[in-house]
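The primary structure of each chain is shown beneath.
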Amino acid sequence: MNKTKEALARRIVSDDKVTFGFWIYLMTDCLIFASLFAVYVVQRSATAGGPSSNELFDLPFVLVETLLLLTSSFICGLMVLAAQAHRKNLVIIGLIATGLLGAGFLAMELTEFSHLISEGYGWQRSGFLTAFFTLVATHGLHISVGMLWLFVMIYRVSRVGITPATLRKLTLFSLFWHFLDVIWIFIFTIVYMIGVL
Amino acid sequence: MLGKLSLDALPHDPIMMGGAATVVGALIFGALIVTFLKRWKWLWSEYFTSLDPKKIGVMYLIVALLMLLRGFADTLMLRAQQVLSTGDSQGILSADHFQQVFSAHGTIMIFFVAMGLIFGLINLLVPLMIGARDVAFPLLNSVSFWLYIAGVALINGSLIIGEFSAAGWLAYPPLSTLEFSPGVGVDYWIWALQISGIGSLLSGINFLVTIFKMRAPGMTLMKMPIFVWSVACSMVLVAFAFPILTATLSMLSLDRLIGTHFFTSDMGGNPMMYINLIWAWGHPEVYILILPAFGLFSEIVATFSRKRLFGYTSMVWALALITVLSFTVWLHHFFTMGAGANVNAFFGIMTAVIAIPTGIKVFNWLFTMYHGRIKFATPMKWFLGFVVTFTLGGVTGVLMSVPAIDFQVHNTLFLVAHFHNMIIGGVVFGIFAGITYWFPKIFGFKLNERLGTYAFWCWLIGFLLAFVPLYALGLMGAARRLDHYDPSMGWQGLFVVAGIGVAVLGLGMFFQVLQLVYSIWKRNENRDTTGDPWNGRTLEWSVPSPVPVYNFTHIPTVTSRDDFWETKQHPQADTRVPFEAIELPKNSGFGFAIGVLSALAGFAIIWHIFWLAGVATVAIILFVIIRTTGEHDSEIVLSAVEVEQIDAAARRKMTAGVKK
Ligand code: HEM
Ligand SMILES: [Cu+2]
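Each protein sequence line maps, in turn, to chains A and B.
Heads up, the first sequence is in this note's numbering, so the first residue is 7 and it goes up one at a time.
Heads up, the second sequence is in this note's numbering, so the first residue is 532 and it goes up one at a time.
By construction, these hints were calculated from the structure, which means they are not laboratory data.
Beta carbons are placed, not taken as given, at the ideal position from N, Cα and C, and that holds for glycine.
Fair warning: there could be bad hints in the mix.
From the derived model, a few chain A residues whose C-beta atoms are all more than 12 Å from chain B [to be verified]:
hint: 1; residue: 37
hint: 2; residue: 38
hint: 3; residue: 121
hint: 4; residue: 122
hint: 5; residue: 188
Computed beta-carbon distance windows for the label pairs [to be verified]:
hint: 6; chain 1: B; residue 1: 713; chain 2: A; residue 2: 184; range: 40 to 46 Å
hint: 7; chain 1: B; residue 1: 563; chain 2: A; residue 2: 120; range: 53 to 59 Å
hint: 8; chain 1: A; residue 1: 109; chain 2: B; residue 2: 858; range: 50 to 56 Å
Input sequences plus hints: build the corresponding full structure.
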């Protein structure tokens, strides 16, 4: 009896450590984005005779993209609620929906990229496009990593169900996903919205 | 198939072949010794796969000290060149090779010597000082270590295959862009730093969590040993600064790989942006190194003055203030950029302001010594040497914080003298003091004091001889990174003095090696028989030396600052608590595998062998997925009986070999 209590106490402490560590990690990742944002702001006018931001971006398109990501984040939040209620099937459905929306987001982003590149406005064109592609693609890369994580979680939930360890991992995943959402809001504002002004 | 790699990548000229032969020879020699002693299995199971921070710490120290020898060998070449190469003589190195050598020297000394030594001591000391059995994430800790080794492997690999960067230790563009550095040198630089830098970042997170979540019951923040505080501040800096380095290196690498225009000199690229970014990391980096050294000195001064550290609270505040301020001064590295008088004035003033908390710390140490019963053991000698050299360096630093003066000495040997003053007189002396002081705790016997004293004097005198002339040379207008100068400048005499200084430094290192060998040989005469050889103050001295795997049989309850010291003043009746079972992390080859794969991936990208880079990256991802999703027990349990036996054996061993 005492043993299990102790084990439980240890588990809680270790959960606490992991969560705290994960928050610090997110902060460091945030700083990577901060550096890229700073670079983007510096490079925004460095068009080297090429197109500038208000000639390139298609705001309605990006708005749809944004909505996809926001919705996926919302569903991800619901998924965690389902996990806390130990509703295994709901969790899996939630994960799949989150993933599909994320995939839609990525597909739209890639479409935008290939469109730009086909017009001759790739990252080699100017300092501005370099900064734009790198910032947005870094976010996209994070989304891809998130998708990979998501697949692993689907596999895990269907295999072992919702154990305390799974619950913790799902929570961390949703933290990551929301974080990417917040970063995207900044990209949307600073790159696209201010960009078309 | 093999990208840019071909047989031409092997070294051709005699000096470079010498370098390659030394590395290969050292590796073969090491491997032969291990084979001869039949120690491979032992090495693998006791060290390479160990998750014990004490073992990881020892590995950091060994590798970093070897790298110190490598970095020092570089300076022998630099110094010889600058002594000889004037007038008709071209010295011993070609201009390009000279550039590679100072770039390698700076890079190795900062990333693989200073960082390695600091992380080694942090691993060894932090868990013990906070009364914990381990770090927060032992497996991650081992990954960090092996990423550091991957960096070491790459930077030394550049001696054998290809070349190293000739763009200085910070690889400023446009020189470091593809246009002006088409070879693989800069790529070696990028990937050695990128990989080991990610390791440092992970360590930073790990130790922050360790310090904030794993302190023994009763140890409030203001009861932490000051070294732990200094590490906490340093790790905050790691967490804030290293992401900037990661991002910056990635951008430089993209410029070189896929033709982006971050830092190129055309198409809207902006080289000055790189210089801003790299120093936004670089200035905090120097504090990442010096703050833990401050912490080490604080513990040492208190112990050898047999007094409480004077002004603990102000020490903590000074550390915190330096941590914050260190992000507001980066522009002092390029006052000459032309940012305008007001910008320069702001950064100049901020730089001068940092001297205030630093000064507070120096005075606190002096007041700690005041009226103390000072014992001049070697760690204390290093401390006193530090006070002298560090103050000198501090004064020249404040001097250069005045933009108008900096315009005169920017990029001269005056600056080189200044930062070696801080780094050798500050960081390196601090680490040597720390290693001497905690050596008995780690290995169970003290280092020989007499040889240590010789080494100290050689370092102090050698340092002054080697670097004070550089102040003069700098004021006479000698630029840094010079491979040749005209005799009419009248610099040669001072370069000769500096060269003699380096020889004296070499003698100092010789004494240190001798000290180590001699102390191991005579270890039974210098056994630490009590676990507390210096009459210490903090928790690590309360356990046997060398420390058993689990650190503490019982997690201590802390009631005051310098808890162990207080306990010694008011001995309590020995209330024996029964031993209990202890859970420890199981060995794992995971970190090793990640390190090897990362080095492979880095090597592949450097040489444009993209399929290999892809394979290695996918392998890393798979390993991570398998490791984090698998349900395996990653812990072993020592039963109460086993703990009792280990404890008794550790205590017996302390006195066993001692001759009566
Ligand atoms: C062991 C004694 C040392 C000696 C004799 C020494 C000597 C030198 C010399 C001669 C240079 C080239 C100066 C020039 O530009 O002309 C140099 C550069 C440098 N050293 Fe050291 N050094 C020592 C230790 C260290 C340590 C411990 C560190 C850092 C932890 C360090 C970091 C650097 C850096 C960053 C550079 C600049 C490299 C560049 O210009 O890119 N050095 N050192
Ligand atoms: Cu600085």
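These are the hints, each one checked on the structure:
At the 12 Å boundary, the C-beta of residue 37 of chain A falls inside the reach of chain B, the nearest C-beta of that chain being 4 Å off. Annotated as non-interface, residue 38 of chain A brings its C-beta within 12 Å of a C-beta of chain B; the closest such distance is 5 Å. Every CB of chain B lies more than 12 Å from the CB of residue 121 of chain A, the least distance being 19 Å, so the non-interface label holds. The claim that residue 122 of chain A lies off the interface holds: its Cβ sits roughly 14 Å from the closest Cβ of chain B, which is beyond the 12 Å cut-off.
The claim that residue 188 of chain A is not at the interface with chain B holds, since no C-beta of that chain comes within 12 Å of its own (minimum 16 Å). Evaluation of the 40 to 46 Å hint for residue 713 of chain B and residue 184 of chain A yields a pass: the beta carbon distance comes to about 44 Å. Taking 53 to 59 Å as the suggested C-beta distance range, the pair residue 563 of chain B and residue 120 of chain A conforms, at roughly 56 Å. Here the CB-CB span from residue 109 of chain A to residue 858 of chain B is close to 39 Å, at odds with the stated 50 to 56 Å.
Consistency note: the structure conflicts with the earlier hints numbered 1, 2, 8.
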